[in-house]
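So the chains spell out like this:
2 protein chains.
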Amino acid sequence: MKKGKQSVFFQKDIFINDAASYVGKRESEGNLRDYFQNVLKDDLMKEKSYELAETKMQKMTVEKLLEVSGKTVNDFDCIMGGDLQNQIFATSFCAREFDIPFFGLYGACSTFGEGLCAGGLFIESGNFKKIIVVTSSHFSSAERNYRFPLELGNQRTPLSQWTVTASGAVTLSDEKYKDFAPKITAITVGKVVDFGVTDANNMGAAMAPAAADTLKTHFSDLSRSPDYYDAIFTGDLGIFGHELCTHLLSNDGITMPKTFSDCGKIIFSEKQKVFMGGSGAGCSSAVFASYLFELLRKNEIKKLLLVPTGALLNKDSPLQKQSIPGIAHAVSIEV
Amino acid sequence: MKKGKQSVFFQKDIFINDAASYVGKRESEGNLRDYFQNVLKDDLMKEKSYELAETKMQKMTVEKLLEVSGKTVNDFDCIMGGDLQNQIFATSFCAREFDIPFFGLYGACSTFGEGLCAGGLFIESGNFKKIIVVTSSHFSSAERNYRFPLELGNQRTPLSQWTVTASGAVTLSDEKYKDFAPKITAITVGKVVDFGVTDANNMGAAMAPAAADTLKTHFSDLSRSPDYYDAIFTGDLGIFGHELCTHLLSNDGITMPKTFSDCGKIIFSEKQKVFMGGSGAGCSSAVFASYLFELLRKNEIKKLLLVPTGALLNKDSPLQKQSIPGIAHAVSIEV
Chain A
637 MKKGKQSVFF QKDIFINDAA SYVGKRESEG NLRDYFQNVL KDDLMKEKSY ELAETKMQKM
697 TVEKLLEVSG KTVNDFDCIM GGDLQNQIFA TSFCAREFDI PFFGLYGACS TFGEGLCAGG
757 LFIESGNFKK IIVVTSSHFS SAERNYRFPL ELGNQRTPLS QWTVTASGAV TLSDEKYKDF
817 APKITAITVG KVVDFGVTDA NNMGAAMAPA AADTLKTHFS DLSRSPDYYD AIFTGDLGIF
877 GHELCTHLLS NDGITMPKTF SDCGKIIFSE KQKVFMGGSG AGCSSAVFAS YLFELLRKNE
937 IKKLLLVPTG ALLNKDSPLQ KQSIPGIAHA VSIEV
Chain B
637 MKKGKQSVFF QKDIFINDAA SYVGKRESEG NLRDYFQNVL KDDLMKEKSY ELAETKMQKM
697 TVEKLLEVSG KTVNDFDCIM GGDLQNQIFA TSFCAREFDI PFFGLYGACS TFGEGLCAGG
757 LFIESGNFKK IIVVTSSHFS SAERNYRFPL ELGNQRTPLS QWTVTASGAV TLSDEKYKDF
817 APKITAITVG KVVDFGVTDA NNMGAAMAPA AADTLKTHFS DLSRSPDYYD AIFTGDLGIF
877 GHELCTHLLS NDGITMPKTF SDCGKIIFSE KQKVFMGGSG AGCSSAVFAS YLFELLRKNE
937 IKKLLLVPTG ALLNKDSPLQ KQSIPGIAHA VSIEV
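If you read the protein sequences in the order shown, they are chains A and B. When the first sequence is numbered by the numbering used here, its final residue is 971 and no position is left out of the sequence of numbers. When the second sequence is numbered by the numbering used here, its final residue is 971 and no position is left out of the sequence of numbers.
FYI, nobody ran anything at the bench for these hints, they're computed from the structure. Computed from a predicted model, the values in this text were never measured in an experiment. Do not take every clue at face value.
Repeated chains share a single entry, so a pair holds when one copy, or any two copies, can fit it.
Here are the simulated lysine-lysine pairs, DSS-like style, with alpha carbons at most 30 Å apart [unchecked claim]:
(1) K677 x K638
(2) K677 x K939
(3) K907 x K957
(4) K957 x K700
(5) K638 x K700
(6) K909 x K707
(7) K684 x K852
(8) K812 x K951
(9) K700 x K641
(10) K677 x K907
(11) K682 x K951
(12) K957 x K638
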């Protein structure tokens with residue numbers, strides 16, 4: 637049932653029975669070290685390029701997801717997802733390994749949210765019963781695509797974030813086949829929002845207005861206050877972007893509770909010197925599939941609002957003097 | 637209702653009330669010259685880059701679509717689509733201009749088919765009532781992204797195709813608000829298929845196996861023969877790819893009728909010397925939104941199977957010795 641301009645209350649139960657993730661070594665040494673069960677030994681994994689390594693990581697994540705689900709890929713109606721590489725190379729090449737229909741998505745680091753929204757709508761249509769949603773990012777493939785070759789050894793700017801090497805995946809299903817399976821109960825699909833930020837090393841500022849816009853719309857569309865949720869996590873605004881988002885919402889009269897946090901902000905520890913925190917299409921998916929899914933399982937939180945955030949630039953758009961538009965999708969996940 | 641492994645019969649009516657397209661000068665001088673109503677004067681349109689020009693063309697197409705629909709953008713639940721630029725720059729920046737939810741898709745030149753499939757499922761869910769689907773491609777932005785700078789003046793290879801400068805858009809709706817509005821009655825969502833083709837100048841061969849796979853599955857899932865349709869159009873296999881697809885189907889015992897054609901094959905005339913024909917994410921959408929929509933309107937065809945085809949490479953994947961996977965989605969459109 638559509639609510640307001642951008643939101644949907646699902647009439648059917650959309651269960652998340654399974655979740656799986658893989659992360660890189662650095663990610664496994666951060667704040668969430670106790671939650672990441674599957675860690676890559678190195679970031680090339682015997683592949684000849686970082687791009688192929690990311691593809692392999694995403695494939696391993698889907699295979700792990702199938703393993704924990706106890707199902708085969710043919711039990712699923714489709715696989716959908718995306719990544720940050722040009723023409724979502726990692727996801728297209730990962731999907732090639734699985735003999736089921738494929739929907740390629742691109743919403744930058746918000747892609748996991750886009751997948752949960754689209755997947756939920758697909759299941760609500762009654763035509764699809766089971767769906768795999770997967771996203772990934774890889775520090776080394778992203779760095780040389782969006783910024784500079786790693787070999788240059790460029791100094792990082794103080795407001796920069798570290799693209800995580802990580803992949804996260806979940807299954808969506810109209811049936812509960814596990815003892816524990818939280819539900820996607822509502823979504824707010826984001827608009828493209830652009831406040832004119834032009835610094836490609838300050839993604840948090842570029843995405844914060846989109847996150848604030850989607851959060852504000854979510855609360856308004858569903859007549860909910862932020863206190864409805866036990867936890868609200870944006871995707872990868874990082875420390876500065878998260879503060880900015882809180883400030884923008886405050887200006888609109890919305891006081892965010894202490895339970896408001898950000899996957900990118902918490903994934904690394906301060907010691908790791910990654911400045912504003914983590915980012916990447918694998919950030920919100922891997923943090924959800926490990927840490928947040930576990931908090932839900934342990935009943936430490938029962939109502940989660942996950943808001944993956946994306947910056948819709950490419951390597952050329954800042955050079956062509958374009959500002960960086962953002963987008964964010966809110967997904968209400970409840971036990 | 638899911639049919640077979642990859643297909644859906646829609647239970648609701650999914651109407652295409654409106655269609656609009658813009659094409660470049662060269663495209664307007666081809667075989668379909670009488671059908672393209674909106675033609676760009678030049679391929680830069682006073683923008684400073686081809687990428688920005690493509691964005692502008694896509695925006696003009698959506699504006700034209702809204703004009704013919706007699707509706708405002710706020711009457712639509714979301715806009716969805718994609719293009720061939722890195723990180724679907726044109727579509728993200730186009731969506732920035734419209735204040736409604738956005739789903740970014742990437743399926744290369746199959747994106748229009750992906751959008752019709754996803755949009756149909758969204759409407760079938762009952763949550764969304766009206767959706768805009770748009771795709772585009774631009775010869776000059778594609779050429780310098782995927783192949784060489786135009787300034788090099790490279791000779792084109794005999795099996796190459798010409799990326800069309802074109803954008804096509806349609807509205808999907810659960811209600812018929814125009815006198816003429818064909819319906820999407822069924823879809824077959826494609827899998828990623830890779831036969832090991834490595835020549836980035838022979839996209840037709842890379843995509844033909846995916847098109848054949850989707851067509852075969854479509855006929856099997858829905859228990860239909862090719863003769864069910866008055867016309868079957870693949871997206872942009874071009875002359876060689878279309879022949880190859882026909883051959884592959886023939887090997888599987890499926891004889892394609894003379895009504896089997898390809899948008900890329902017919903868009904240019906032989907005189908225009910574009911070798912195997914047109915290609916691009918705007919090819920199937922612009923040809924559908926003008927020529928095929930008009931054939932349906934005139935009742936010259938009543939049952940159309942549109943099968944947009946995509947090659948899932950990026951500029952680096954052939955250099956990294958990867959073959960080119962293809963994908964194709966079949967959309968059954970009936971008056």
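Structure-based check of all given hints:
1. K677 x K638: Result: close neither inside a copy nor across copies, 45 Å intra and 41 Å inter.
2. K677 x K939: Result: close neither inside a copy nor across copies, 34 Å intra and 54 Å inter.
3. K907 x K957: This pair counts as neither: shortest intra-copy Cα distance 35 Å, inter-copy 39 Å.
4. K957 x K700: between (42 Å within a copy, 27 Å between copies)
5. K638 x K700: between (34 Å within a copy, 27 Å between copies)
6. K909 x K707: Close neither inside one copy (40 Å) nor across copies (52 Å); limit 30 Å.
7. K684 x K852: Cα proximity of K684 and K852: none, with 45 Å in one copy and 36 Å across.
8. K812 x K951: Neither way: K812 and K951 sit 42 Å apart in one copy and 42 Å across, limit 30 Å.
9. K700 x K641: For K700 and K641, the Cα distance is within 30 Å only across copies (23 Å; inside one copy 37 Å).
10. K677 x K907: For K677 and K907, only the intra-copy Cα distance (21 Å) is at most 30 Å; the inter-copy one is 57 Å.
11. K682 x K951: The answer is both: 27 Å in one copy and 22 Å across copies each meet 30 Å.
12. K957 x K638: This pair counts as neither: shortest intra-copy Cα distance 37 Å, inter-copy 47 Å.
In summary, the structure is inconsistent with hints 1, 2, 3, 6, 7, 8 and 12 from the numbered list given earlier, while agreeing with the others.
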